[in-house]
Amino acid sequence: MEKLAPQAIIDSFAKELGGGFVGGSVYECEVAVKKNKFQSLWIEVKKDAFRQAVEHICRLQEYPHLAIISSSDLGAEVELIYHFTIYYGYHLQELSLGLRVKLPKNDLTIATITDLIPGAIFTERETQEMMGVEVVGIPDNRRLFLPPDFPEGVYPWRRDEKGPPDDMLRVLPGRKQEWHRENKEGS
Amino acid sequence: MAVEEKKKATYTIPVGPIHPALKEPIRLALTVDGEEIVDTDVFVGQVHRGIEWLGMNRNNPVQSIYIAERICGICNMCHPFSFVMAVEQAAGITPPPRAEYIRAITAELERIHSHLLWAGVAAHEIGFDTIFYLAWRVREEIMDLIEYVTGNRVTKAMFQIGGVRRDITEEQFPRIRQSLDYYKSIFDQLKRVFLDDKTIQMRTRNVGILKKEDALRLLTVGPSGRASGVPKDVRQDQPYAAYADLDVKAITPDILTGTVVGDVYDRIIVRLVEVKQAIEIIEQCMEKMPPGSLLAQPKTAVLLKTLTKAEGEGVGRAEAPRGEVIHYVRLEAGRETLATWKVRAPTYVNLLCVPTILKGMQIADVPIAFASLDPCMSCTNRVVVTDRAVGRKSVVDYERLHQLSVEKTKELQR
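From first to last, the protein sequence lines are chains H and D. Anchor point for the first sequence: position 105 equals 105 in this note's numbering, and the numbering is continuous, going up by one each time. Position in the second sequence (from 1) plus 187 gives the number in this note's numbering.
Simulated from the structure, these hints should not be mistaken for lab results. This one's a predicted model, so the numbers in the text were calculated from it and none came from an experiment.
Here are the simulated lysine to any residue pairs, SDA-like style, with alpha carbons at most 25 Å apart:
| id | chain 1 | residue 1 | chain 2 | residue 2 |
| --- | --- | --- | --- | --- |
| 1 | H | 35 | D | 352 |
| 2 | D | 546 | H | 118 |
| 3 | H | 46 | H | 107 |
Construct the complete structure from the given sequences, taking the supplied hints into account.
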């Protein structure tokens, strides 16, 4: 498939996903002295259109590179961003593509993409244990980083009651316990 | 290892908890059939330090630069590099051009030292300690230069959000050139030592092959990926900082040998040529460096205030000596810490290809094949609050594995 311009990529997502497409934007900035353009894409899709979106990325680029899944606890929902890069291997042509999908807290599940991108397994396992998002169909369900004696149902990156409780956190010398709690409530 | 009777059943050998090659904490469970490795399972997570959690709960963004710097001791430039780029993108700060050049110079200095360190370790893994000493002696020159330029050998504290903290001046250029000239003068010798030596060739050629398709499928990055013929290099693909002004080309082994095999030998080639490339980049940067200020906002208190007010997200990607490092940062208005911080070090993805690389190989080849990826465990493990040693019953320790590797070299030399 020939290379598309950033805006054309967003349009192709809108066309492909129809109602599953939420929005997209292009980030652009100029770098250093020659002012070469640095571009990246952000695309948000609905949860049920997520697999379709990843399949579409696989059509844009054979073997898209998935760098990592980042996850944020936004209160009522959890936001996952799949950081892809496409069009790599050529000078100044690569594009970062952040595929954003929001999951409501009462249904924290997302389909696996390891069948499309086998290398996604580590980051899917990490998202499961750290954020408490269940990856449906994941071929390897074990923990990745957390030790076996870490309690079930506690997810370190969560900011709600499922996050690590105070008695699991060590207060550093010279810091007050309250300092941490204030910060937690402020979020 | 005792020779077992030929039977269908396989046997699982746990290796670790200390890394068999680089004395770092990782555990491998090798399923073997006699001497042949059938499958490998990788266990990470023994040095969790909760660094991302700290950035999201306890530290302000400027403090997090120094934590990012301590993610890894060897590549302690690339982490703050991509971290500050992510924060700058999130808060809409543009660093002055001179700072972009200084950033690139320090990152390339780091690449030279890291690749030479790896070259020494790789030689040690096959029991070739003369070359190990040679490589590390040669590396001292770059360490001295790093100390001269940044004031420190290891954690250099050069980076600040919106620029750099220290200048590299015209008066320093002759001293920098002196070191670079030293490396240029010994480059051919290094090439001869590492690429023409019969023993090294015997232990590294056709060992630990990673095919291009597997590298793409398993998301391998950095020199390990390039050695398999994937021309992926952030400095070329999506250049950041001063690299956007230069014409950096991803190094693949075919520029020296004409073919891509994807074995350990090819990984040596890529790293060796990248040392030369790094020297050229530093020279170009010194030539083209524009005058000007070093920081977009010199007052840290004002900067912190701006960051607390800022709302947005950013991704910073940098090419570390081991491959692409990516930091994702989200800032929320009114929040002093980062709202989200996700770090992906190159070893995180490079470990995925370990089962593919080790499959069908002998146990004695594990140290060099594994070390050829230049894995860095402290980078990969940084997520949560515990670090309790995992007890195992029967463990092939580092000494034993190293012994096997040395014996194999001696046998081949006979």
